[in-house]
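A.B. asks: Top to bottom, those sequences are chains A and B. Okay, so the first sequence: first residue is 1 according to this note's numbering, each after it adds one. Okay, so the second sequence: first residue is 1 according to this note's numbering, each after it adds one.
These are calculated hints, taken from the structure and not from any lab test. All of these numbers come straight from a predicted model, not from anything done at the bench. Ideal placement from N, C-alpha and C gives every residue a C-beta, glycine not left out. Treat each hint with caution, since some may be false.
Stated by the list, open to error - Derived lysine-lysine pairs resembling DSSO-like cross-links, with alpha carbons at most 30 Å apart:
id : chain 1 : residue 1 : chain 2 : residue 2
1  : A       : K359      : B       : K94
2  : B       : K94       : A       : K393
3  : A       : K345      : B       : K46
What the hints assert, rightly or not - Negatives, chain B to chain A, calculated, CB over 12 Å:
id : residue
4  : E76
5  : T81
6  : M90
7  : K131
8  : E135
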Amino acid sequence: MNKEFNKMFDVETIRSDFPILNQEINGSPLIYFDNSASTQKPKSVISSISNYYKKDHSNVHRGVHSLSVRATEAYEESRRSIAQFINAAHDYEIILTKGSTESINLVANSITPQINKEDEILITTMEHHSNIVPWQELCIRTGAKLKVIPINTNGEIDLNALSQLINKRTRFVSLVHVSNTLGTINPIKAVIEMAKSVDAYTLIDGAQAVAHMDIDVQSLDCDFYVFSGHKLYGPTGIGVLYGKEECLQSLTPYQYGGEMILKVTFEETTYNELPHKFEAGTPNIAGAVGLRSAIDYLGSIDLDMARNHEMALHDYALNQLLLIPNIEIIGTANNKSAIISFIIKNLHPHDIGTILNQKGVAVRTGHHCTMPLMDHYKISGTIRASFSFYNTKDEVDVMIEALDMAINMLS
Amino acid sequence: MEKLYQTTILEHGQRPHNFGKPQTVFISREGFNHLCGDKISLYSSKNKSNLYLMFESVGCVICKASASLMTITINESSIETAINTIDDIMNGIKNGNIDLDVFSEDVTCLNQIVNYPSRINCALLPWKTAKDLIEDLRYD
Chain A
1 MNKEFNKMFD VETIRSDFPI LNQEINGSPL IYFDNSASTQ KPKSVISSIS NYYKKDHSNV
61 HRGVHSLSVR ATEAYEESRR SIAQFINAAH DYEIILTKGS TESINLVANS ITPQINKEDE
121 ILITTMEHHS NIVPWQELCI RTGAKLKVIP INTNGEIDLN ALSQLINKRT RFVSLVHVSN
181 TLGTINPIKA VIEMAKSVDA YTLIDGAQAV AHMDIDVQSL DCDFYVFSGH KLYGPTGIGV
241 LYGKEECLQS LTPYQYGGEM ILKVTFEETT YNELPHKFEA GTPNIAGAVG LRSAIDYLGS
301 IDLDMARNHE MALHDYALNQ LLLIPNIEII GTANNKSAII SFIIKNLHPH DIGTILNQKG
361 VAVRTGHHCT MPLMDHYKIS GTIRASFSFY NTKDEVDVMI EALDMAINML S
Chain B
1 MEKLYQTTIL EHGQRPHNFG KPQTVFISRE GFNHLCGDKI SLYSSKNKSN LYLMFESVGC
61 VICKASASLM TITINESSIE TAINTIDDIM NGIKNGNIDL DVFSEDVTCL NQIVNYPSRI
121 NCALLPWKTA KDLIEDLRYD
């Protein structure tokens with residue numbers, strides 16, 4: 001059943017909040033369909049960062065002067081806002097990082113003393129490299145085994161295979177909430193329940209999920225949840241590691257230095273409490289301010305209508321794409337986000353992407369940092385269009401026209 | 001756009017010369033573009049005194065065309081000439097100034113790539129891989 005466009009959703013008003021969209025690329029209006037790689041920023045986010053530097057900037061924590069107090073309040077207010085946004089039980093369960101990649105690295109590094117060579121780590125075939133390599137390295141350090149949950153041809157996790165793979169030796173299950181390449185929305189609640197049954201830790205990579213669905217980490221009951229600010233209409237260089245208090249407490253620190261200590265002598269160091277134990281050095285204060293502003297922006301629009309609009313765009317684009325001869329959609333899960341990956345027989349994604357760019361259409365081409373998934377499908381890359389609530393049906397039509405032109409030029 | 005996907009590039013990209021694996025492979029080398037996942041396999045069917053390269057690729061039109069032009073340009077050259085040619089062409093691709101007085105008109109079509117910075121690595125991959133292979137040959 002296709003989602004229909006809701007005439008009540010005023011996409012032009014939304015678009016006026018995003019100044020970057022109002023420009024031409026190669027003589028044509030910019031059509032930005034690369035939202036899975038990074039979303040654009042509303043004016044309010046841009047001005048919040050600018051205002052922070054104009055009015056409130058100093059280093060956070062420990063300062064007695066007014067600017068330091070203001071910067072600290074702004075930084076900690078961001079943490080509170082993020083905690084509410086994903087319904088964490090406590091503000092101190094929110095660790096601010098550079099992004100999803102650093103968040104996963106933090107956990108995979110800091111869990112090292114708890115892992116031994118009899119243990120097994122489970123990931124899935126559709127993981128981003130950022131949720132593969134840190135676990136490979138953990139296995140190299142500890143001798144543990146990395147096991148991969150297979151997917152079916154539609155790009156859905158094989159839960160039967162998972163039930164065969166998961167066992168008493170499974171210490172960690174780490175998987176993506178929404179696949180950045182396939183758009184598959186994984187049944188993470190079921191996976192988390194299976195992991196709990198064998199007392200394994202769970203980490204959910206929510207980089208592609210937070211902008212497109214409500215996240216309630218308490219309801220999910222995951223141990224860790226990670227995401228990046230820049231895929232949530234916030235700035236780059238800021239991200240989140242949510243961890244249950246007892247899980248974060250069990251981890252050793254990731255980096256050492258200022259901020260993360262309570263007391264230092266030349267003989268020994270006492271580590272700080274959560275969340276500061278995991279935030280060594282001066283943090284990205286302006287990034288945190290911008291991320292809070294992005295969350296505020298999402299709170300100011302009708303998210304239900306916005307998300308319906310994204311899926312209506314997805315369904316419309318998919319129907320149009322399927323009319324193109326020799327097209328193959330990569331990722332046809334029943335439960336999908338507004339991401340479409342496709343290939344056109346005998347034509348290379350880079351050539352298509354370059355020609356689309358000449359018509360102002362920004363799509364991503366290549367392996368999308370999921371090389372093992374490309375191997376699974378026996379392809380070198382795909383063309384990926386990923387939609388946001390600021391995209392329009394007319395833009396989809398332009399992409400389809402540009403695709404026709406590219407195919408004619410290259411065939 | 002027509003300038004990039006001009007006739008010469010399309011001809012070499014869609015019907016590349018020296019495409020395939022020779023029956024006898026004296027030495028081979030794989031090239032990989034980690035940014036996009038493109039791969040090229042280069043094969044030398046003869047020894048260092050008589051350079052002759054063939055290739056297989058899952059690359060884009062630009063990569064295949066560049067590989068085709070590379071084999072035409074350097075096959076039958078001496079090792080030293082081939083290395084110098086590769087250096088000249090790689091610099092020419094990066095700067096858009098492959099010299100028509102020195103190289104064939106077909107090869108100079110690669111001068112357009114500089115206007116598409118995200119595609120320069122596609123065009124360079126065959127030449128880089130050939131240089132690695134020839135270095136292997138030289139010190140074999």
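A.B. asks: Hint by hint, note whether the structure agrees.
C.D. replies: Hint check results:
For the hint linking K359 of chain A to K94 of chain B, the alpha-carbon distance of about 24 Å falls within 30 Å, and the restraint holds. Our distance criterion of 30 Å between C-alpha atoms is broken by K94 of chain B and K393 of chain A, whose separation comes to about 39 Å. For the proposed pair K345 of chain A and K46 of chain B, the alpha carbon gap of about 34 Å is over 30 Å, so the pair is violated. For E76 of chain B, the requirement that its beta carbon stay farther than 12 Å from each beta carbon of chain A is met, with the minimum near 29 Å.
With a closest Cβ-Cβ approach of about 31 Å to chain A, T81 of chain B is found to remain outside the 12 Å limit, as its non-interface label requires. Distance to chain A confirms M90 of chain B as a non-interface residue, since its nearest Cβ pair spans about 19 Å, more than 12 Å. With a cut of 12 Å on Cβ distances, K131 of chain B stays outside the contact zone with chain A, its closest approach being about 22 Å. Every CB of chain A lies more than 12 Å from the CB of E135 of chain B, the least distance being 26 Å, so the non-interface label holds.
Of the numbered hints stated above, those contradicted by the structure are hints 2 and 3, listed in ascending order.
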